[in-house]
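Asks: Here's the letter readout for the chains.
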Amino acid sequence: MTILECKNLTKEYYSGENVVKAVDNANLTFEQGEFTAITGPSGSGKSTLLHLLSSLENPTSGEVIYNGESLKKYNDNQLSILRRRRFGFVFQAYNLVQELTGMENILLPVMLDKKKPDEGYIEKLVDVLGIADRLSHLPSAMSGGQQQRIAIARALANKPAILFADEPTGNLDGKSGREVLSLLKYVSAEFGITLILVTHDLGVAEQADRVLTMRDGVCKN
Amino acid sequence: MKTFTLSVFAARDLRRRKKQYIALTLGIVFSMIFSSGVLFFLSCVDASLEENRFRTYGKQDALLLGTTEDALSRLRSDPKIRAVGAAHVIEKVYTDDPAKGSAVGWLDETALQLAYPILTEGRMPSAPGEVAAERDALLRMGVDAAVGERFTVAAQAANGGGYLESIYESTYTLVGVLAGKRGALEKYALNRNVVIADREVPTEVFGLPALFVCAGTQTAPGGREILTAYVKAADEKNADGLEMYLSQTFANAGEIAATPRSAAGFSAMRISSLGETGQYLSLILLAASAAGVFGAMDANLADRKKQIGLLRAVGATRAQIAGIFARETALIALISLPVSLALSYFLTKLLIGLLGDEFVFLPDLKTLLVSGGFGLACIAAASAVPLVRASRLSPMFAIRGAEMNRKMRKKRIRSKSFFSVSSLMAKRRLTFARRRQVSVALMLAFLTGLAALAVPTFLDSYRSSARLRHDFDITSDFGRSGDAMYNTAFSGYGYFTESDRASLAANREIAAVSGVKKCSVNLLLDEYGDYFDTLALRGSVRYQSPPFPEKSMTKRQIAEQAFAKVSPEYEAFREKLGFDRELFSAALCACESAALEADYGGAVLEGRIDMGKLLSGEEILIAAPLAVGYDVAWSGDGLAETILPLDGGESALKNRSFTKTGTLPIHAGDRITLSAAVSGLSFDDWQKQNAAAAESGKIFLPDDLRRIDREVTVGAIVAPEGRVFLADFSLITTTAAFPLFGVDRNYVTLNIDLAGECDAARNDEMTEYLAAFTAGKQVEIYSDFEYAQYAKQRLRATLVTLSGILTLLLAAGIGVMLNTLSAQLREDKRTIGTLRAVGADARTVGSVYFRQMLAVFALGGGGGIAASALLFFGWRLYTDLNPIETNAIRGAVRFSPVPAAALCLLLLAVCCAVIGGKKRRQTKRSVTDNIREL
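Going line by line, the protein sequences match chains A and B. Numbering-wise, my numbering comes out as the position in the first sequence, counting from 1, plus 1. Numbering-wise, my numbering comes out as the position in the second sequence, counting from 1, plus 3.
By construction, these hints were calculated from the structure, which means they are not laboratory data. Accuracy of the hints is not assured; some may be wrong.
Once the Cα atoms are required to be at most 25 Å apart in a straight line, the calculated DSS-like pairs of lysine-lysine come out as [said to hold, decoys possible]:
1) A:Lys117 x B:Lys83
2) B:Lys419 x A:Lys116
3) B:Lys83 x B:Lys62
4) A:Lys74 x B:Lys927
5) B:Lys430 x A:Lys115
6) A:Lys115 x B:Lys83
With the hints as constraints, model all of the structure from the sequences given.
Replies: As structure tokens, this is what we get:
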């Protein structure tokens, strides 16, 4: 079942008189539970595509459709609700809130929804990600790998339908990177979550069910 | 390849970051406007005071009255003298009374420049028979001519050193009216001897013309001009010592009168007062703008910490870092300089124009250049600290958020498993950025504390500024006169006769003249008691003669000793006049019934005022406090005794600590006996006999001393207010009943009410007139207009200064708070992006900052109000325990939390509005923009 698609999706940036097409007329579909890798050289527009698909960025033209509904109709509040309930995002630079502990960062989307957390589920997440001993620490007291695991836990805390990951292993050493990748694959399979991952590492891309290649803003299967 | 210098870097930075530099540029422009404005304004105030001095007295530094041609020519060749002009007095003129006349003369060209006559109407004379006269001279003489009309006066020709006996008539055409100078010069420059009542010396109109005829006019046949030299010193240094120099070098060349170096009078007071206010305001605004520059630079550099860190990481030295930003600031300052100076010039001109005619606008090139330099110096000073701080930043700022990490590692916090996102975020921010928040809270606390005390205090004092009761008072009463044991023929100080009163009343500018008479009477008492014991310590008659206390004595012991022993003079007086009761000497004041009703009708503490019985002498009023408190303390090596009169009576004594207290033992309706002791000795005889007695160590009392007793009923006790120089304990009767008490006197004070409203011009005219009227007598002139205006002026000045300070602090407070929160918003771009990425809406993000602000405001505002309340009630407790020392200012301070709370709310509203706008701009951008690396 198609859970997410984009039609004629374009993003342009203006630099003086120059126009840069970061994403050029992308038409893609993503199936539920699928692991898709988007790869390409640096500056090819893969992160921009991910941001457009996850509603972090507004397209210049075209549309993103989630579960049959165009996100064009959504206002800012509705997009916020969508992001905390249906989408999860893992950044290259982790982007944890520095003032909150590991547990508080994980629970952030749940608390934003003013819901009581599913304790059993959270425990399982923590267990799977191996971060039980870091929960009461601030991000400044964690290594990169630990922070990224917290970020993954945060992205999954509200049981999202789609998990977006933008170079999640980019800032990690080889061992940590491999561990994080396998965790992402595992949770995606375990919880039935669609995983869309951006990477410039072909070795990472090979592990996906499907690979999309971007070059100069154009996306090819 | 082009050379890449620090200046090039600075210039490029400026071009790239134009928007970020707007705040800094504005701060610099304003700072330069105010700094140069301060100097412009001060130079204009100085010029205005100087101009006012010239208009009041003329431009000369000294006058030499009744001088000679020889002296004039010696003066002209003296190197210490720059200019000498001569007034040629040809006659004196008057209508009825020569003492109220004026000299007529003409001024040579130099004298005309130095005398600086100010025409208010018409022109100076150009033909024989024409005259221009000072206004107050016309008023004094009672000449009712308008410009263009002729008038005839009696005249006596000048005789070189005085005037000829023969009287003739002079007829003039009035062609111009001048602002008076002679009155001011007579009051402040010309010395006259003290006049004793029974040897009155008529005022001699001598050598200073107040009526001006055309140059070259001759005296009447047989006469000889009186010459007066107008002397201008060679320089400022010579001017200060000119009087001394002239008295040494030109000792017998005439009466020397140095012109005062500063002007007196209402206009001068107004210029000084407004100048002072303007000065404070300018300095406040300057400090505010400097703070603005400081804040803007600080914020600018805070924004660029990463850039600075990077520069340091690639090898820039601290001096190079400081150099880059100093160049940027200097470029802005230099570009802004011409605009700022021009704006400052025109704004100062506008302000001076608004302040009134007394002010002149006179900036010069030197002031302009100094102003510009001063402005640049202020900018440099304001930007120094941020520059030094910036140069000290670690390279780690470019690599990690080193500062925040360091702070966070030090803190212990408890992790929560259920929380409100905005509430927890706000709380954590307060924890991690405590220093920032505390400094904001402290500023807020200071602001609110100040508002809670200053605003109600000022409003209260503004509402209750006192006034005198008449437009003008002229008085020869310089102390609490009248409380002497006996009256002599000359001790009455009665300068103003019925004729003086009538003469004033005849002036068309004056609606009514009432008078006050005074003499001394003794109140007969069965015993002194604590009340009169204490009051007697304040009087000029010492009934007690205690030994000087020792330092080891307690207050109570000192007090007991102070009241223990009566003086030998007192005992001798009682014995001589056969008093078997105790005596308390008090002033008996007599005023007219209408004035009495007006002054005391609303001040009755006990009883009622029955005018019929007051007029008949059956009753008197007592103006006295209902209670008195006495305290004593050592001050340095001396003993300070303080007596505090208290109108509140017994209730006012509660909760306050005194060594001794007393309540008034006399009440309305009581019968009392007053005894006036009188001696007819002349001043000379009295002086001789007193000196002889003192030589042989005896107590002197005149042989002819006699007593005149009178029993009266106390009609009412009134509060001792309303009259200048009323003693603590006074008796009041009417002028009609006054002679019944055995002593008759001239008026010690005349109270003058003008016809119509008084304004500044009328006030100045009347002051000049009264100065001329009372010339040669030891008299003080009180103007209610000046008194009220001065009091209001001071309060207005305080209000303006206070408003300026509060506005400055408000602006600074808002600026600091907004800067702090804005800086936080900028630093939080990523966090905002993260929150939005995980699904926080704009409202949740805004709520984080709002909660933070609320916490800081609650802490700061509440703390400020609490601190000021503590100060206020602590102050009240202190004044209760030390009533004597703090009586004058006990009620001066007020407290109200309302203005403080209002200020707090206003600040919160402004901060919410501004930060809300900035937050909206952040959250309007895409989430990716927020989280993107810089």
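Asks: Is A:Lys117 within 25 Å of B:Lys83, Cα to Cα?
Replies: Violated, because 97 Å separates the two Cα atoms, which is more than 25 Å.
Asks: Could you grab the alpha-carbon distance between B:Lys419 and A:Lys116 and see if it respects the 25 Å cut-off?
Replies: At roughly 14 Å apart (the allowed maximum being 25 Å), A:Lys116 and B:Lys419 satisfy the hint.
Asks: Hint check: A:Lys74 vs B:Lys927, CA-CA at most 25 Å. Holds or violated?
Replies: Given that 25 Å is the threshold and the Cα spacing comes to 17 Å, the pair holds.
Asks: For the pair we were handed, A:Lys115 and B:Lys83, check the Cα-Cα distance against 25 Å.
Replies: violated (92 Å)
Asks: Between the alpha carbons of B:Lys430 and A:Lys115, is the straight-line distance 25 Å or under?
Replies: holds (18 Å)
Asks: Between B:Lys83 and B:Lys62, does the CA-CA distance stay at or below 25 Å?
Replies: Between B:Lys83 and B:Lys62 the Cα gap is close to 16 Å, so the pair holds against 25 Å.
Checked against the numbered hints above, the structure violates hints 1, 6; every other hint is satisfied.
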